[in-house]
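Novice: So the sequences go chain by chain: A and B.
Going by full-length UniProt numbering, 2 is the number at position 2 of the first sequence; the sequence numbering is gapless.
Going by full-length UniProt numbering, 318 is the number at position 318 of the second sequence; the sequence numbering is gapless.
Incorrect hints may appear among the rest.
What the hints assert, rightly or not - Some chain A residues judged to face chain B by a derived CB distance under 8 Å, without partners named:
{"hint": "1", "residue": "Q76"}
{"hint": "2", "residue": "R118"}
{"hint": "3", "residue": "Q121"}
{"hint": "4", "residue": "L133"}
{"hint": "5", "residue": "W165"}
{"hint": "6", "residue": "Q187"}
{"hint": "7", "residue": "H189"}
{"hint": "8", "residue": "W191"}
Claimed, not checked - Below, in silico cross-link-like pairs of lysine-lysine (BS3-like), each with a Cα-Cα straight-line distance of 25 Å or less:
{"hint": "9", "chain 1": "A", "residue 1": "K174", "chain 2": "B", "residue 2": "K270"}
{"hint": "10", "chain 1": "B", "residue 1": "K23", "chain 2": "B", "residue 2": "K74"}
{"hint": "11", "chain 1": "A", "residue 1": "K174", "chain 2": "B", "residue 2": "K285"}
{"hint": "12", "chain 1": "B", "residue 1": "K270", "chain 2": "B", "residue 2": "K314"}
{"hint": "13", "chain 1": "B", "residue 1": "K241", "chain 2": "B", "residue 2": "K285"}
{"hint": "14", "chain 1": "B", "residue 1": "K270", "chain 2": "B", "residue 2": "K241"}
{"hint": "15", "chain 1": "A", "residue 1": "K188", "chain 2": "A", "residue 2": "K174"}
{"hint": "16", "chain 1": "B", "residue 1": "K241", "chain 2": "A", "residue 2": "K162"}
Calculated from the structure, these hints are not laboratory results.
Yeah, the Cβ is synthetic: ideal placement off N, Cα and C, and Gly gets one too.
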Amino acid sequence: MAEFWFYDHRITAYPDSIPDHSLTWHYYPSSRQESEHPGHWVQQWPDQRLTVSAPLVPFDDDEVNEMAIQFLWDHQRVAILKQAHWIPELVRYLRFQDVRMIVAPFLDNHQQFGPLWRDAQQNQVMAIAMFPLQLLVPCETTNDATGYRSAELVSPGVWRVKWLWSELSEAESKFAILPHLRRDIYQKHAWWPREHLRL
Amino acid sequence: MNWQQPLATYVLRNQLQWREWHKWARALQTERETLSPIPDMGSVTASVVQFTVDPVTSPALWRDRVTQAFRQAKAQGAQIIVFGEDIALPLLGVLADRIPGSANQNSLASLAPWLRALANPVYVYWHRTMQVLAKHFAITTVAGSALKKTHSQLFNQSVIFDANGWVIAVQPKMHLLPLEHDLGLSPGADLNPQSFAPWPLVTVVCNDATYFETFRMAWHLGALLVAVPIADSEPLYSEAKARRGTWARVQETPVAGLVGASTGNLFGIKLTGKAAIYLPAALTKDDSGILAESNSPEGEEVITATIDLARLRKLQQEFAYQDLTAHWLNTLYSH
């Protein structure tokens, strides 16, 4: 069992399996108003303000490091998306690298069934959304089949949400998506811009 | 395959009553008055059909209901009509008492050799009926999907007919569900562009819309409209689960999604789903991304709406990968 605790501008995560090493991610926006415009934050992302304590292991050699930071936490890969620009290919790519949880501090989550929810569904990963605070999970893992798990208020300003990593494999066994990808067809059609092709 | 299946194929061909079908088709041909109109590329009026696929006891019953859907669509001014997935399978109802265990959901695997044997006669009946109706009503027709055996492989494929009844695209389902693997189906090998048609229209089948890649490819092929025949085996309709399909895909890729849905009970499998026309949220007044949707996930309905192609085309031109460095995209599907 793993838990995330949300403070006003801080995410604290406690993996039960590593009780001695709780993990805290601090993110401090300069003012409250900015929190309503997550897109504005992109310009101001200061890496040093994201405080991550052990036992996180960053993967430095990753090709999408400009857009996402990856960590090993509670024996699972977790990725933090660093910007508000979003395309479905990004989370697909992270999922191919065995990322099982996405944290997206800058993506607007106000739209019902928004981008992050869709990513959680089509890649069968957990996703932490910030505005509003929610855990987005595959529909198969929630009783009401909505894929939304609201954070629970435990004390003023402190929110908590729980999940089991095994829920993801249960969802995969109920509705297998990734085994049926058709990489051969996708490569043939190659719809992405080619000007950045690396030789 | 045992000796019963070729016999059932023979019986099925008789039960489909082709002699009666030819009389019906001849009558329609002589009645044809509408010529296919020259389209205005600024907008298109599309009808999506929600159709009950409970097995029928006579092919004429099924055909009359399909004709009725065409008639309704024509009355509403449709230029394109889209039917649901597996729309031809109810025709197997004419043989239902001869297929052992077909009423039992647990015996789906035992149905596999029967589907192989019986797919093609039903496919031909569906194909020719849709062709005649497309020509008669002068509507570009996405005829839903049906099972087709080709070179010993079984495909679940969709067909588009133009307003003169010509086949302009054939698209086998590329991403199969586990159930379809169990039934011995093979996945399609490619996303096929249409050969010739006034509309930039591509069809894919049901679970293909679970994958954003399908819609990216369709957009890359130049499609503005993606028709998706569906048949969701969900006994209880869930809005969230339904939103994982075409609705979600058109929010990611700027195209219009035309969903024809099959509902009802097909050999013990309960199907629910809504026929709908989805657009990127920016092109709908309430930002919902839903241009038109049927009222209930069960039963039959024909939904018609007009899509502003000019605005959609403009949105496509504005759509870009923004500032993202795309070099990693080249390696995305390489491993």
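Novice: Per the CB criterion, is W165/A less than 8 Å away from chain B?
Specialist: For W165/A, the interface hint is violated, since the closest Cβ of chain B sits about 22 Å away, which is over 8 Å.
Novice: Under the criterion that the straight-line Cα-Cα distance not exceed 25 Å, is the pair K270/B, K241/B satisfied?
Specialist: Given that 25 Å is the threshold and the Cα spacing comes to 15 Å, the pair holds.
Novice: Does K270/B pair with K314/B here, judged by a C-alpha cut-off of 25 Å?
Specialist: Distance ~40 Å between K270/B and K314/B Cα, so the pair is violated.
Novice: Has the given pair, K188/A with K174/A, been kept, meaning a C-alpha gap of at most 25 Å?
Specialist: 30 Å, violated
Novice: If you take the shortest Cβ to Cβ gap from R118/A to chain B, is it below 8 Å?
Specialist: 5 Å, holds
Novice: Against chain B, is Q121/A within 8 Å by beta-carbon distance?
Specialist: This interface hint holds because 5 Å falls under the 8 Å limit.
Novice: Quick one, is the Q76/A hint okay against chain B at 8 Å, beta carbons?
Specialist: 20 Å, violated
Novice: Please work out if K23/B and K74/B have their alpha carbons no farther apart than 25 Å.
Specialist: 23 Å, holds
Novice: Minimum Cβ distance from L133/A to chain B below 8 Å?
Specialist: L133/A check fails; min Cβ-Cβ to chain B is 19 Å, beyond 8 Å.
Novice: Is the Cα-Cα distance between K174/A and K285/B 25 Å or less?
Specialist: Roughly 36 Å between the alpha carbons, so the hint for K174/A and K285/B is violated.
Novice: Does the interface hint hold: is W191/A within less than 8 Å of chain B, judged Cβ to Cβ?
Specialist: 4 Å, holds
Novice: Hey, K241/B versus K162/A, does the alpha-carbon distance stay inside 25 Å?
Specialist: At roughly 22 Å apart (the allowed maximum being 25 Å), K162/A and K241/B satisfy the hint.
Hint compliance for this structure: hints 1, 4, 5, 11, 12 and 15 are not met, and every other hint is.
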